[in-house]
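Engineer: Generate coordinates for the entire structure from the input sequences, incorporating the hints supplied.
From first to last, the protein sequence lines are chains A and B.
In terms of my numbering, the first sequence opens at residue 491 and continues consecutively.
In terms of my numbering, the second sequence opens at residue 2 and continues consecutively.
Some hints could be false.
[Unchecked claim] In the EDC-like style, the derived pairs of lysine to aspartate or glutamate whose C-alpha atoms are separated by at most 16 Å in a straight line are: (1) B:Lys271 x A:Asp801; (2) B:Lys430 x A:Asp529; (3) B:Lys353 x A:Glu741; (4) A:Lys778 x B:Asp449; (5) B:Lys346 x A:Asp529; (6) A:Lys743 x B:Asp449; (7) A:Lys743 x B:Glu356; (8) A:Lys724 x B:Glu356; (9) B:Lys355 x A:Glu732; (10) A:Lys775 x B:Glu443; (11) B:Lys346 x A:Glu725; (12) A:Lys743 x B:Glu352; (13) A:Lys740 x B:Glu443; (14) B:Lys355 x A:Glu741; (15) A:Lys778 x B:Glu352; (16) A:Lys775 x B:Glu402; (17) B:Lys78 x B:Glu250; (18) B:Lys229 x A:Asp762.
Calculated directly from the structure, the hints in this document are not laboratory data.
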Amino acid sequence: MDYDRIIESLSENDKRVLLSSKERTSIDNISNKVPLDLDTVRASARKLFSLGLINIENETTVNYRLTEVGKRYFKDGLPEYRVLKLLSSKKEIYYSDLGALGLDKNEINVAVGILKKEGVVKTSGNKIILSGDESKIELRSSLLARIDKGGDINGDLVSEFTKRGIIAVSENTKEFLYATPEGLELIKSDKFSAKLVDKLTPDIIENWKGLSFRRYDVNSNIPTPLIGRRNIVKEFISIVKENLISMGFKEMKSNFTESIFWNFDVMMFRQDHPDREILDTFYVKDAKAKLEKQLIKKIKETYENGFKDNDFDLSLGYRSEFDVSSSDNVILRAHTTATTFRYIHNLISKNKDRPAKYFSVSKVFRNETNDPTHLPEFYQIEGIVYDDNLNLRDLIGYFYEFYGKLGIKQIRVKPTYNPYTEPSLEIQGFNEKLKRWVEIGNSGVFRPETLISFGIKRRVIAWGFALERALALRLNLEDIRQLYNPYTDLNFLRGVKTASILD
Amino acid sequence: MVMINTSIDEMNKLLGKKLTKEKYSDIAFKYGLDLDINGDELNFETTSDRAELISKYGLARLLSQLIHKPINVKDPKINEGISISVEKTERPFVNCLLLRLKKELGERASELVEIQNKVDLVIGRRRGMAAIGLFDYDKIGFPIVYRHEKKENIKFTPLSYANEKTYDEILNSTDAGIWYGKISPEKPIIWKTSNGDIMALPPIINADKYSIEKNTRNILIDITGVSKKSVNSATKALIFNLSMIGDIEVLKVKYQTKDIDTGLTLSPTKMRLRHWDLENLMGKAVSAEEVVKLLRYADYNVKFEKGIYALEIPFYRDDVISQVDIIDDILRFYGVSNLEPLPVKTYFTGEKLKESRLSDFIGNRMTGAGYQELDSNVLTNETIQFDNMGLKRENYAKLSESRSSEISMTRRLVVPEILRFISNNINRKFPQKLFDIGYVVELDPSSDTNFSNKLHLAIVYSGVDANFSDVKAVVKIVLSDIFNIDEFKVSENEDLKQTFISGRYGDIMYNDKKIGVIGELHPRVLNKFNISFPASVAELFLDKIIEV
Numbered sequence: 491m492d493y494d495r496i497i498e499s500l501s502e503n504d505k506r507v508l509l510s511s512k513e514r515t516s517i518d519n520i521s522n523k524v525p526l527d528l529d530t531v532r533a534s535a536r537k538l539f540s541l542g543l544i545n546i547e548n549e550t551t552v553n554y555r556l557t558e559v560g561k562r563y564f565k566d567g568l569p570e571y572r573v574l575k576l577l578s579s580k581k582e583i584y585y586s587d588l589g590a591l592g593l594d595k596n597e598i599n600v601a602v603g604i605l606k607k608e609g610v611v612k613t614s615g616n617k618i619i620l621s622g623d624e625s626k627i628e629l630r631s632s633l634l635a636r637i638d639k640g641g642d643i644n645g646d647l648v649s650e651f652t653k654r655g656i657i658a659v660s661e662n663t664k665e666f667l668y669a670t671p672e673g674l675e676l677i678k679s680d681k682f683s684a685k686l687v688d689k690l691t692p693d694i695i696e697n698w699k700g701l702s703f704r705r706y707d708v709n710s711n712i713p714t715p716l717i718g719r720r721n722i723v724k725e726f727i728s729i730v731k732e733n734l735i736s737m738g739f740k741e742m743k744s745n746f747t748e749s750i751f752w753n754f755d756v757m758m759f760r761q762d763h764p765d766r767e768i769l770d771t772f773y774v775k776d777a778k779a780k781l782e783k784q785l786i787k788k789i790k791e792t793y794e795n796g797f798k799d800n801d802f803d804l805s806l807g808y809r810s811e812f813d814v815s816s817s818d819n820v821i822l823r824a825h826t827t828a829t830t831f832r833y834i835h836n837l838i839s840k841n842k843d844r845p846a847k848y849f850s851v852s853k854v855f856r857n858e859t860n861d862p863t864h865l866p867e868f869y870q871i872e873g874i875v876y877d878d879n880l881n882l883r884d885l886i887g888y889f890y891e892f893y894g895k896l897g898i899k900q901i902r903v904k905p906t907y908n909p910y911t912e913p914s915l916e917i918q919g920f921n922e923k924l925k926r927w928v929e930i931g932n933s934g935v936f937r938p939e940t941l942i943s944f945g946i947k948r949r950v951i952a953w954g955f956a957l958e959r960a961l962a963l964r965l966n967l968e969d970i971r972q973l974y975n976p977y978t979d980l981n982f983l984r985g986v987k988t989a990s991i992l993d
Numbered sequence: 002m003v004m005i006n007t008s009i010d011e012m013n014k015l016l017g018k019k020l021t022k023e024k025y026s027d028i029a030f031k032y033g034l035d036l037d038i039n040g041d042e043l044n045f046e047t048t049s050d051r052a053e054l055i056s057k058y059g060l061a062r063l064l065s066q067l068i069h070k071p072i073n074v075k076d077p078k079i080n081e082g083i084s085i086s087v088e089k090t091e092r093p094f095v096n097c098l099l100l101r102l103k104k105e106l107g108e109r110a111s112e113l114v115e116i117q118n119k120v121d122l123v124i125g126r127r128r129g130m131a132a133i134g135l136f137d138y139d140k141i142g143f144p145i146v147y148r149h150e151k152k153e154n155i156k157f158t159p160l161s162y163a164n165e166k167t168y169d170e171i172l173n174s175t176d177a178g179i180w181y182g183k184i185s186p187e188k189p190i191i192w193k194t195s196n197g198d199i200m201a202l203p204p205i206i207n208a209d210k211y212s213i214e215k216n217t218r219n220i221l222i223d224i225t226g227v228s229k230k231s232v233n234s235a236t237k238a239l240i241f242n243l244s245m246i247g248d249i250e251v252l253k254v255k256y257q258t259k260d261i262d263t264g265l266t267l268s269p270t271k272m273r274l275r276h277w278d279l280e281n282l283m284g285k286a287v288s289a290e291e292v293v294k295l296l297r298y299a300d301y302n303v304k305f306e307k308g309i310y311a312l313e314i315p316f317y318r319d320d321v322i323s324q325v326d327i328i329d330d331i332l333r334f335y336g337v338s339n340l341e342p343l344p345v346k347t348y349f350t351g352e353k354l355k356e357s358r359l360s361d362f363i364g365n366r367m368t369g370a371g372y373q374e375l376d377s378n379v380l381t382n383e384t385i386q387f388d389n390m391g392l393k394r395e396n397y398a399k400l401s402e403s404r405s406s407e408i409s410m411t412r413r414l415v416v417p418e419i420l421r422f423i424s425n426n427i428n429r430k431f432p433q434k435l436f437d438i439g440y441v442v443e444l445d446p447s448s449d450t451n452f453s454n455k456l457h458l459a460i461v462y463s464g465v466d467a468n469f470s471d472v473k474a475v476v477k478i479v480l481s482d483i484f485n486i487d488e489f490k491v492s493e494n495e496d497l498k499q500t501f502i503s504g505r506y507g508d509i510m511y512n513d514k515k516i517g518v519i520g521e522l523h524p525r526v527l528n529k530f531n532i533s534f535p536a537s538v539a540e541l542f543l544d545k546i547i548e549v
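Structural biologist: Here is the structure:
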């Protein structure tokens, strides 16, 4: 072992920790004795360990403490103890007598269950009868006292009390350090006590001649500090928005709360059809939306009877009654197409001669239970173009441009069905990692029925996709819930690589 | 929407072809059917618009069109010789079909039951709109009548039961009764035969005596319901599929009153389409001859004259109501992969919303101060938003019938969601310095939906050394740097005394306007979130600041 070199690489703190480890000592003790903060002692310990100068041993101790419930039981007595006390004076009571104890139903059931299990009582119908030795229950109460004093406990009751939320268990791991023979040898060396310069000070910088500097292990693994970071989902959104803006799209917004009218009716979702159920919807209680009567009338007319252009039937309508009785229910929007139609109404229909491009990247809500591929709320990306003579090849052109900017070059389209676009195209991209085609978006030309009520006869083309799914694919996440706040691991956010969304 | 599970052998037999796996995959992709191939199994999934694609038979008819060898079936006949009368009831609409099989039903009985289930589920919306029943025609004594019956007069042996049951017993102790009891009519409806037998109790269950069996040759099908459209749609879907296994007769029904006549018609709807409109939507020139050919494969009757297609839409295609639907059909036969992308034209100036730009700048400032950004949830519950925080449950959008026990409202504040995040990450390294910029939902009578989105910035600093001043310092930076607000006051607000430690919190006031809240959380709140370090928080109401 090249002791000189090693000594040159030790900081004064490292030396102090090594000196304190001549005998087996806990890190806490070293930290107090030297004194140095715990993190510094740990860092030195790791370094000394990697140099073979000390050994590190972990010792785990288990601690118990009373929870809020536990403290209450300690004060008032365990439910089983209280039931027993009531019983021992009367020998026989009814379940209804237990009401006087002020316990909730669950607590009573647990208490009686335990007393039965321990053979202290029997039940018969609504009656509880004293039938056995009470000492076991006394034992339980004394256990609470022991935990309260911080004493050790063990046995079956620990897991029972933990399950009942009476006690909380925590583990505490302590690290102990002791010098190896090499470490002890090193301490004896003359050079060990020689002073090496660690940090440069203004004084040293002025008078540096003749001083030796401590050697660093320039290849050592250093921990990366916690830094402030943007959220990965929002970074991806930012890229998407930047692409769309560069393609001339303006951002839209509307409220999360929406009416059935703007979420379904304006898009001619069929009322006698499962289409509306596909978008499982959250309803807001006790709220009614204000609607424009004129617009409802027009939409009802189109839905029921279609419309003509000269003598051509452009649409026959659904030829069944359009029921407006639930149109004013307030819901959480199930898709951002609701936002799009508000813009069609408020802006496009008022400037019919002017082409327009709009987008949104915003949250939508579905009343589903979440699983690895479904979230109750997620970001939907939606882009629409309004112009004269737009055709399907224009629409496909937009996919190539947009997805190309996201690094997806191999694209194909497949006919599909959407309630409010016709024709509709599913967009698939070839995923190099999975070696297969995956759905990357949905699109179509808005049905003329959906536009005529706004006086619009030109076409609107649109496409959209769910952002989290696309991002999960990029990040190789198997469970999309990692991107959903209540399930997100902070270490994931701190460690995820932005590089994976940059190409 | 509907899964149709079949195999390559079975489908090849129906088509009279020897198509390979790859061929099936190609056809399905081109037409836009979802197909999952597993060994020799073909699992098709159809979309909700195509009510007639409900079994392998209907699917085979479509596939035969796609390979340009359409399977020919006999058109249904109208049979006026069987006496069926329908009285006015709560489920007023009724159609009847007779399916004459070429040979005994045999093992196909289970296929028919499967078709029945799918029609009941998808078109009938779980029998609510329409329901169908299958009977052995040769066991029935005609005339039969569909009418109300008093509950006490109803007693028969229901399908697959051994003993007679009363009306109440059927509703309370049979699976079908329990399942469909909810939609059973106020006054029960029965089918009654000439000898006084009850043949069925629509829409719940049929009598066992008249059920179809292996040796059945002729099947009576009743389609009953509350929606005329669904009843007719189900009838057409059945004709489309069952024409593959036998000859169909549409039975003439005597309706008691005119208003319950379903008006079922199998004559095609006529529409016209300009060739120019087709090309204009495709963005490409195609020959009319080719289009006519494709339309004929798709079972349309078509004549092309002077640039206009005169079309007859097949009777079973309820989904075709518009010119664009016809163009979509043409495209699916033509192949959308033949459409080359056009370069993006008409560039405009794009722009972000003001809020988005603001969020970007604030986010950069916050990360500069060492904070990790979250993307927190909007859906939450009262425990997290109010109870744990020591706040009153008021002024929020409450949701009904949520499928998740964790979701019952939209958030009013963002900070509680960050605290929830910390409590789920309690074993991760502290300090946890977190922030989020996002919308909350606020009661707003001026909004057409009574609520509106408000943009908030939430800041939480939790760790051994976290204190009020740290958070106040970043609030100061953001207000000064992004909003040019250099003077703000923190004034104590009694409403928040359950949330924060007294003397360490308050409303953030600017020009006498409340623009946020700041404070050090009370241990009571920390305990509720299981956080064992101090935490100081702030929530800025960005909309209010912009207004100022």
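Engineer: Could you grab the alpha-carbon distance between A:Lys775 and B:Glu443 and see if it respects the 16 Å cut-off?
Structural biologist: holds, 14 Å
Engineer: For the pair supplied as a hint, A:Lys778 and B:Glu352, is the alpha-carbon distance within the 16 Å limit?
Structural biologist: Not satisfied, since the Cα-Cα distance of roughly 33 Å exceeds 16 Å.
Engineer: A:Lys778 and B:Asp449: Cα distance at most 16 Å?
Structural biologist: The given pair, whose Cα atoms are some 9 Å apart, holds under the 16 Å limit.
Engineer: Need the status of pair B:Lys430, A:Asp529: alpha-carbon distance at most 16 Å?
Structural biologist: Holds, because 13 Å separates the two Cα atoms, which is no more than 16 Å.
Engineer: Against the 16 Å threshold, does the CA-CA distance of A:Lys743 and B:Glu356 hold or violate the hint?
Structural biologist: Distance ~10 Å between A:Lys743 and B:Glu356 Cα, so the pair holds.
Engineer: Quickly compare the C-alpha distance for B:Lys355 and A:Glu741 to 16 Å and report which way the hint goes.
Structural biologist: Judged against 16 Å, a Cα distance of about 9 Å means the pair holds.
Engineer: Please work out if B:Lys346 and A:Glu725 have their alpha carbons no farther apart than 16 Å.
Structural biologist: It is violated: about 28 Å lies between the C-alpha atoms, which goes past 16 Å.
Engineer: Is A:Lys775 close enough to B:Glu402, meaning Cα to Cα at most 16 Å?
Structural biologist: Given pair A:Lys775, B:Glu402 holds - Cα atoms ~9 Å apart, limit 16 Å.
Engineer: What's the verdict on B:Lys229 and A:Asp762, does the C-alpha distance respect the 16 Å limit or exceed it?
Structural biologist: holds, 11 Å
Engineer: Is it true that the CA of A:Lys724 sits at most 16 Å from the CA of B:Glu356?
Structural biologist: Status holds; Cα separation ~14 Å.
Engineer: Quick one, are A:Lys743 and B:Asp449 close enough, alpha carbons at most 16 Å?
Structural biologist: It holds: about 15 Å lies between the C-alpha atoms, which stays within 16 Å.
Engineer: Going straight from one Cα to the other, do A:Lys740 and B:Glu443 come out at no more than 16 Å?
Structural biologist: violated, 26 Å
Violated hints, listed in ascending order, are 5, 11, 13, 15; each of the other numbered hints is respected by the structure.
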